[in-house]
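Peer 1: Sequence:
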Amino acid sequence: MTAPSLYNSDNTAPSTTGFRFSRYLALLFFLLLLLALWPFGSFHAADLDFYAGGLQGSAYPHNLIGYIGAHVASFMLLSFGLAAYPFTLLALLCCLRRLLWRRGVRPASWEYPTAFLLLLVGCAMLLGIWPGAFAELSERLNIATIPGGVLGQRLCGPGSGWLHLLMNSTGSAIVASSLIVIPLAIIWFFDWQLPCRKLLASMSASLAAKLHKEPSVKETHQVPTPTPKAVS
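Residue numbering for the sequence shown is 1 to 232, as defined by my numbering.
Any given hint might turn out to be false.
[Claimed, not checked] Label pairs and their computed distance ranges (CB to CB): (1) S109 with F75: 38 to 44 angstroms; (2) W162 with T114: 18 to 24 angstroms; (3) S109 with A208: 34 to 40 angstroms; (4) Y60 with L165: 40 to 46 angstroms.
What the hints contain is simulated information worked out from the structure, not anything from laboratory work. C-beta atoms are modelled at their ideal positions from N, C-alpha and C, and glycine is treated no differently.
Let the sequences and hints guide you as you build the complete structure.
Peer 2: Structure (structure tokens):
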């Protein structure tokens, strides 16, 4: 991808703006992932024991996506903790944006999926700094004391995290926050910057028109009142 195609989506070739089956597959994947991860009525930590043969009963499995959903959701939660939820929701939103309303969308390059991965890692690291965060939900999902998953605990966990040993909690929070803010800015640039720019331009133009309102017809044709001459 060349620089002009990255910064000017108006010159994008028609083949890149049309429908692509990969967008539908991405939307379907993240929708199924969200259903598998959903903590109320879908994901249940005991589903893996049921599939392993350790549990029996008609109440299992709970996961709406079945065997694959239970294993994929368990992998996401154990690896990245609660960071899997904002990652999946944002990815689903961006998939809907690119599939249903492509006006102002820039063609995705390697920076786009990389931003999502860095966002996932950054959220896991930030949650790993505070093991007691979202304690009730973490316990429900069987990731108590590791809301950032294994990755967040290994990188930023108090006392044992690699980054925490080097930079303490403050430095770890700064690094994790940068891994959230910068990817969000990249995603915004690819998906939302052009519509927001046009919206802000129209709003500023209307505001400027109100501030610099032209004089009305009555004001332009108003005859000035002559001042009386002083009598000597």
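Peer 1: Hint by hint, say whether it matches the structure.
Peer 2: Hint check results:
1. Between S109 and F75 the beta carbon distance is about 28 angstroms. The supplied range of 38 to 44 angstroms is therefore violated.
2. At about 22 angstroms, the CB distance of W162 to T114 agrees with the hint of 18 to 24 angstroms.
3. At roughly 35 angstroms, the beta-carbon separation of S109 and A208 lies within the given 34 to 40 angstroms, and the hint holds.
4. A C-beta distance of roughly 41 angstroms is found between Y60 and L165, which places it inside the suggested range of 40 to 46 angstroms.
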